[in-house]
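Student: The task is simple: from the sequences and hints, build the whole structure.
Just so you know, the sequences run in chain order D and G.
Going by the working numbering, 154 is the number at position 47 of the first sequence; the sequence numbering is gapless.
Going by the working numbering, 121 is the number at position 31 of the second sequence; the sequence numbering is gapless.
A couple of the hints might just be wrong.
Stated by the list, open to error - DSS-like mimics (lysine-lysine), calculated; alpha carbons at most 27 angstroms apart, straight line:
1) G:Lys149 x G:Lys132
2) G:Lys132 x D:Lys116
3) D:Lys164 x G:Lys159
4) G:Lys187 x D:Lys116
Stated by the list, open to error - Listed next, the stretches of chain G that the computed footprint assigns to chain D, with coverage defined by at least 3 CB atoms under 8 angstroms from CB atoms of chain D:
5) 134-144
6) 185-197
For the record, the hints were derived by calculation from the structure and aren't laboratory data.
Glycine is no exception: its CB is placed at the ideal position from the N, C-alpha and C atoms.
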Amino acid sequence: DSGVTQTPKHLITATGQRVTLRCSPRSGDLSVYWYQQSLDQGLQFLIQYYNGEERAKGNILERFSAQQFPDLHSELNLSSLELGDSALYFCASRGAMNTEAFFGQGTRLTVV
Amino acid sequence: EDQVTQSPEALRLQEGESSSLNCSYTVSGLRGLFWYRQDPGKGPEFLFTLYSAGEEKEKERLKATLTKKESFLHITAPKPEDSATYLCAVQLRNTDKLIFGTGTRLQVFP
Numbered sequence: 108d109s110g111v112t113q114t115p116k117h118l119i120t121a122t123g124q125r126v127t128l129r130c131s132p133r134s135g136d137l138s139v140y141w142y143q144q145s146l147d148q149g150l151q152f153l154i155q156y157y158n159g160e161e162r163a164k165g166n167i168l169e170r171f172s173a174q175q176f177p178d179l180h181s182e183l184n185l186s187s188l189e190l191g192d193s194a195l196y197f198c199a200s201r202g203a204m205n206t207e208a209f210f211g212q213g214t215r216l217t218v219v
Numbered sequence: 091e092d093q094v095t096q097s098p099e100a101l102r103l104q105e106g107e108s109s110s111l112n113c114s115y116t117v118s119g120l121r122g123l124f125w126y127r128q129d130p131g132k133g134p135e136f137l138f139t140l141y142s143a144g145e146e147k148e149k150e151r152l153k154a155t156l157t158k159k160e161s162f163l164h165i166t167a168p169k170p171e172d173s174a175t176y177l178c179a180v181q182l183r184n185t186d187k188l189i190f191g192t193g194t195r196l197q198v199f200p
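Tutor: Here it is as structure tokens:
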């Protein structure tokens, strides 16, 4: 168990809908990263937050947004969903900058 | 553009047959390189962190090494339970960004 909790584990929704994925980082970790992993693809970096503020941005679509709350949990919002958004979404948390990131077990999103 | 490339994409080994996985990187400045193991449908599991050229880390049958342009993950006498996708990631200097390679899918047969 990495200590990073993601909910829900599975999500099935229709095209055009909006969903929210939740991530609770390891106790004390200030950084949260979000990644998308499509079938047989690598981990695509979406966005990173540090102590409530956006720190780095990757190839995140305008239909996607995220935030980190004062209790450090983070949410990734995906809207106007398309079939191609079906993927595993992972969050990872990290303490200090020079330490490893620990991943949650992911949310499997299926858009039908 | 910052890039991480892993090779081979897939590797099939007989149990006990040692081999190496490669991670080459072209980045503006490297702060650290990380190796992870990922089982199907699961989150990546941390293995090693390397910070400077010449550094080596070992854990059971795995050893990771780092040069100025690439890292190797050496697998000695692998077992079927070592079957997984192995990912490397780099952290850029002056940023917290972690960029992952596409991974090497390793299958070890008894």
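Student: Hint check: Lys149 of chain G vs Lys132 of chain G, CA-CA at most 27 angstroms. Holds or violated?
Tutor: Cα-Cα ~21 angstroms, so holds.
Student: With a cut-off of 8 angstroms between beta carbons, are at least three residues of the region 185-197 of chain G near chain D?
Tutor: holds (count 9)
Student: Need the status of pair Lys132 of chain G, Lys116 of chain D: alpha-carbon distance at most 27 angstroms?
Tutor: Measuring from Cα to Cα gives roughly 11 angstroms; hence the hint holds.
Student: For the region 134-144 of chain G, do three or more residues have a beta carbon lying closer than 8 angstroms to a beta carbon of chain D?
Tutor: Satisfied; 5 residues make the cut.
Student: Hey, Lys187 of chain G versus Lys116 of chain D, does the alpha-carbon distance stay inside 27 angstroms?
Tutor: 25 angstroms, holds
Student: When you check the alpha-carbon spacing of Lys164 of chain D and Lys159 of chain G, does it fall within 27 angstroms?
Tutor: 25 angstroms, holds
When held up to the earlier numbered hints, the structure conflicts with none and fits them all.
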